[in-house]
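These protein sequences, in sequence, are chains A, B, C and D.
When we follow the numbering used here, the leftmost residue of the first sequence carries the number 1, and every step to the right adds one.
When we follow the numbering used here, the leftmost residue of the second sequence carries the number 1, and every step to the right adds one.
When we follow the numbering used here, the leftmost residue of the third sequence carries the number 1, and every step to the right adds one.
When we follow the numbering used here, the leftmost residue of the fourth sequence carries the number 1, and every step to the right adds one.
Quick caveat, the hints were computed from the structure, so don't treat them as lab data.
Worth double-checking, as some hints may not be accurate.
[Said to hold, decoys possible] Pulled from the structure, derived: some chain C residues nowhere near chain B, Cβ distances all over 12 Å:
no. : residue
1   : Ala37
2   : Gln95
3   : Ser106
4   : Glu210
5   : His330
6   : Ser346
[To be verified] A partial selection of chain D residues facing chain B, derived with a Cβ cut-off under 7 Å:
no. : residue
7   : Gln9
8   : Leu12
9   : Leu38
10  : Thr69
11  : Phe70
The beta-carbon is built from N, C-alpha and C at its ideal position, and this holds for glycine as well.
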Amino acid sequence: CAGNQSREEDSQLSEQQLYQNIQQALDDGRYSRAVTLLETLDSRFPFGEYAEQSQLELIYGYYQVNNWEATRAAASRFIRLHPDNPQVDYAYYMRGLAAWQSGRFSLETLELIDISKRDLGATRDAYVDFGEVARRFPDSPYAADARQRIIYLRNVLARHELQVADFYLRKEAYVAAVNRGQWVIDYYPQTPASRDALAVIVEGYMGLNMPAEAREALAQLINNDPDNARLDGDTFDPRYVGGSLSLKGS
Amino acid sequence: VSFQVSDIRVEGLQRVSAGTVFNALPISARDSVNDEAISNAGRALFATGLFDDVRLGRDGDVLVVDVEERPSIAGINIEGNSQIPEDRLRQGLTDAGLAEGQVLQRSTLEEMQRELERVYQSQGRYSASINTSVEELGQNRVQVNIDINEGSVARIRQINIVGNEDFDDATLLDQFELSDRPGWFFGWFSSDQYSREQLQGDLDRLRSWYLDRGYVNFSIDSTQVSISPDQSSIFVTINVDEGNRYDFGDVSFAGDLQIDETRARSLVQVESGKTFSQSDLTASTEALRQALGAEGFAFAQIDAMPQVNEADGRVDVVFRVNPGRRAYVRRINFQGNTTTADEVLRREITQLEGAPASTDAISDSQQRLERLGFFRSVEVNTQPVADTPDQLDVTYNVEEQPSGSISASLGFAQSEGIIYGASLSQRNFLGTGNRVDIGAQTSRYYTNLRFSFTDPYWTLDGISRGYNLYYRSTDYEDSDISTYSTDAIGGGVSFGYPISDLSRVNFGLNLESLSVDYYNDSPAEIVEFVDSEGDNFDTATLSTGWTRNNLNRGTLPTAGSYQNASLDVTGGDAQFYKLRYRGRKLFPIKTEEWSLRFATELGYADSIGGTDNLPFYENFYSGGLGSVRGFRSNTLGQPTTPRPGSRDDDDDTLGGNVLVEGSAELIFPTPFIDDQRQVQTSFFIDAGNTYLTDCYPVGDNVTSACSSGVDLSDLRYSAGLGLSWLTPVGPLTFSVARPLNEKDGDETQFFQFSLGQTF
Amino acid sequence: CSGNVQTGVQPRELTTIDQRVTLDRQWSEGIGSLTRARYPITPAIDGDTLYASDAAGNVQAIDRASGEVLWRHNLDADISSGLTVGGGEVFAGTQNGEVIAFNADSGDIDWRTRVASVVLAPPQLNSALVVVQSVDGTLTALDRASGEQRWLYNASQPALTLRGTGTPRTIDPVSFVGFANGRLAAFDNRNGQQLWDMRVAIPQGRTEVEQMVDLDGQPVLTRDGRLFVTSYNGRVMALDARSGETIWEREESSYLTPVLAGDYLFTVTADSHIMALDASSGRVIWNQEDLEGRSLSAPAMVGNYLAVGDYQGYIHLLDATSGELVGRAHPGGDGISIAPLSDGDSLYVLTNSGDVIAWNLRQQGGDGN
Amino acid sequence: CVYKRDLTQGNLITEDMVSQLQPGMSRQQVVGVMGSPLLRDAFDAANWDYVYWHEAADGDITEKQVSLTFRGDRLSNIATQGNIEAQVEGSDGAAPSSAGARAMPPPGFEDNNFEPIGE
């Protein structure tokens, strides 16, 4: 018996009037009102004239009310329903942005908490979505911003790998350390962290006392990052492992 | 026949946009089409799921597409469901594509109706009936009504097991969860409601009952379920063939065992001559699988193959072992640690990356994470690495919970009245895993400034280092602890060493400078002590302790045990030593939520060297929360002797140099609360008291009111109900307790609570 | 907003009737408990003796006229089915899936044989065999003298069946049996070969309950070779016993054995309507619906009246020709679900609480025969 | 006296595994014998290094290395280092876990049991 009176007056409006009210609410910045109206429009006229446009505005509305999950869900739905709609790059971009926001951490700006040390689920999602925008829509208005954010995210992910590699070096688990270093070089080659990854690989091989492989990595390190902190000329002094290594066989 | 399409005209569209039809139609203007292309087009349009009917025709050379749109659902109204909650129903409907805004497919509606009826039937609600109706709302929109009549549950009137010779029906029915009697408590706990799943479960229990008692060939021939004409009673008949009993024959191993046979035999619980038992077989295969898992064979498969030889009535068992490839762990990932740092988790993991996988290490590590007390839940799962079959990645998924307390402005502990000031105590400070305690508090009796910092992993091998500083000034003028006050300032450092998987040793040094003074109504003991020993004590204390712990959770544990023994030796202005032992043991009963908890705390302290008596402010106290609940805090012990002429008459206590405390608790699941990890309720019996091996001197013109010696009949007992709750602000502890052997002069307190201190 | 409507038919309140026949209680005897499961242990009449037993195997032989207990004996077997008496022996099924035969005079057990499952329907005899159907749908024929198994046939069984099993109708050459899967079959008693088999009720509807099509009654066989069968959620049918061909059929759901008297076939439907049908054409002669929903027992002919018991323990008498309610008695006894027995002029009723009561019919005033 | 766990890294290498290797084997066959190499050397795909490194609690280290060079998909050279015959420890070589005994869940410490002094 409990009908949904609350949406009574909205459900009488025609598609046209509903859309007007939505534009009005959006212009006035009354985003939660706009979101409810958009949801009504979406349920009453799923295939109406404004269907696609209203779904895009719904993504924008959810984003404005900081509802990251709903933004991502609405964006995914738009991408699924209208894969070749000219505005689909906007959906990918907003989905990435929502993941980016949920990955941020309030204290992060205070540099008190280094998010590269924390759970990077959201960061990875953002990285994938922005990658989609940059790759498939190179000349979309959002591509430039996406590329910037990709660089930032990539550094965070690479720094995370290095921290774990460092832990395993201290723990004397050298195979683990080398593999973590290798991961940075495979997946995040352009990041500054990839140079420190080489240093980790050198130190890991030294730990395993495999000088040949260590020198191979050292050669790479020297010509990629000659003034790396661990380098003094072409000898490498490790952070934890004993001894030092120079390029010329010793 | 084919023709050149000059134009395409779409009719019957109401709300679907023409664009959608055009890009779904495989034909476009100026194509030449034949009958076959037209029928494909019809099928394509139908596949969009938007149309109930699609008709394609010709008008000259114009292709006419006449569609009848499927209505879209404006709302779904569900009536009469009480057994199945509405949101689960709606979720089911949405999954099946029946949701507001979606297109109505009548076939899905019928399918949903049959599905619902099947669900009710499996719950024994045979007389349930569901009818659905669709109301037109105009503009091709419809209102869907689902009217459910759940009917009554058929009650089991009889379960009859036919063909059982060696065990009678009653013994067998004890193993069943279903019963043919209404519950003993107004049918509240009745389990005579028929459900097919439960019957299946009971048949399995019956089968394992026989298989665990040697009936290798036991079989259930058939089961009949019949219902009375008025659909209110269910009769279950189970026809069984027991077969005869067998004992275990000899045990052998086949396949590539990877561990030596003697060790394998020790793990296996099968002894020839013992009665055959299926659960022994399962336990043995599990033990072997775990042993192989520890050796890196994470994917080992072990099957126990019983071979019955009728001749001597014995069953020989062959354990066929297939170790599978040796497994290695490539990467270990963590999810959910939004504040705790990766290293704080990773250092607890005994399994390393780039190393052989050990199922023990992987599951032990989950336990270690849980014991940190930072997480509400810890789950672990392993995923194989693509195209490298013998490598796997391990992911620990944690859900963080507040692991400390921030009581910024106001705290209240009954024994000290209102506490002002701020205190932050965090066991996972900013997610670094370090334990930080910063506190500034003043209350009626004391001012307390403290700072302590401990890093559990000063070295990666688990050596911990901690240091602290404190300033404490107290004035026990009219509190229960006798009438004197002490001011102290001190600090120290301590180190902890792991000496095995389970236990640790710690050493520490603490320097303190303390001053005592008393008031005119202070008891004779204090005055005499200060007169003879002085009122200023600069001391250094060397402390060493041993701890063994395997509680199953860091906070509110329900299983495992914890022991801590410590010896502190103090030198300087006062010389004394203190021995302390704390032990806790928990036995989970049925599920983890019920458990029995036994705890004890014993203490003995005495002066050495130049000091005659243990300084009274170092005495043990008893009574109150975390000790003997139901008695006012710190009021158990020998009475003090009032000095002649002093007006103080209520007999405070000085505590004692011997402490005996113990408690037995039954922890039960808190009703109406589903997250049992944040709350713990229990019935308890506490016991305890403090004693003085020899009374303090009281000077010559007074007779001491204390009687020395430890007399266990003086132990005070109390019983009551306790609740601890981990709130975001900090742990909250309540208890209501009634003393059982209260003596005159004891001060009791029925209701006690405290915020911010875990006991 | 919508109440929880109880499905099935609501029992009707009794209305006052003009009592043209009174039932005088002759004698009554406590037999013992039929247990919560209410095992249908129908007593049996042989000559002057009535044999009755409770579920624990306490058997009694009672003189029909006086109600005096001739002998009492405890069989070490838990009885589950009605009793059948013949040739000085009494046969019954046990709760542990056996069939037992015991001496009608002393109560000593002659033989006991394990069959596939519990037997609820009373064993049926012919000169050489004892034929039983067990709850798992298995038809077993045992040698009447030794109890050895001669042949067996097992029918397919739906997941959910109605409580109770079809009682076979056995004569020397042939046995006719209705199964829980809605089929009726005829078997050659020599070897258990199926002579013919036909579908009486077709399962329709969505739920397992609506799809039940048990033939729980006993087929009625006439000397001239006609067979009358009832079925749940199915049809009442008349068939040619030899070929199985349908003579007539009516859509009517019943799980009780009908009674044939002359040209009248009386059947009690699942909704507890009592109907009289013309045995040759199936036409409805009368249809008494006043006792609707009262979970009536199977009917029995006594004199010119039809007797049925109901769930509140009432016995109702109907005039066989008009269907009018003409007599009523109320022994109570927690309801009557077992069909009353009659030898033509007195009536024997076993109540659910385990008392056997004998009744005599007395006319009121002069009319009626 | 600090309790240290054994530390194992890399693939478990045994004598009979190495003895089964001969030149000409395909990469797939090598994986069949040795398992897949844990140490990934991205600089030089033609070379697979199987490394075994075990450091016991008391500090003594067992090391084994098998470096295989491939020409295309065929194994061309096998070089070994360290004492290949040494006994190979499983994971941390902890005491055999007898199923029955482990009633209580395994190790850890409650409230990371280092009591700051003076509380």
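Structure-based check of all given hints:
1. With a least CB separation of 4 Å from chain B, Ala37 (chain C) falls inside the 12 Å interface cut-off, contrary to its annotation.
2. Gln95 (chain C), annotated as away from the interface, has a beta carbon of chain B within 12 Å; the closest lies near 6 Å.
3. Separation of Ser106 (chain C) from chain B is adequate, the least Cβ-Cβ distance of about 27 Å exceeding the 12 Å criterion.
4. Annotated as non-interface, Glu210 (chain C) brings its C-beta within 12 Å of a C-beta of chain B; the closest such distance is 9 Å.
5. Under the 12 Å C-beta cut-off, the non-interface status given to His330 (chain C) relative to chain B holds; the minimum distance is some 21 Å.
6. Taking the minimum C-beta to C-beta distance to chain B, about 29 Å, the non-interface status of Ser346 (chain C) holds against the 12 Å cut.
7. At its closest, the beta carbon of Gln9 (chain D) sits 5 Å from a beta carbon of chain B; the interface hint therefore holds under the 7 Å criterion.
8. The beta carbon of Leu12 (chain D) comes within 6 Å of a beta carbon in chain B, closer than 7 Å, and the hint placing it at the interface holds.
9. Here the hint on Leu38 (chain D) is kept, as its CB sits about 5 Å from the closest CB of chain B, short of 7 Å.
10. Among the interface hints, the one on Thr69 (chain D) is violated; its C-beta lies about 20 Å from the nearest C-beta in chain B, farther than the 7 Å criterion.
11. Annotation: interface hint on Phe70 (chain D) violated; nearest CB of chain B at approximately 17 Å, more than 7 Å.
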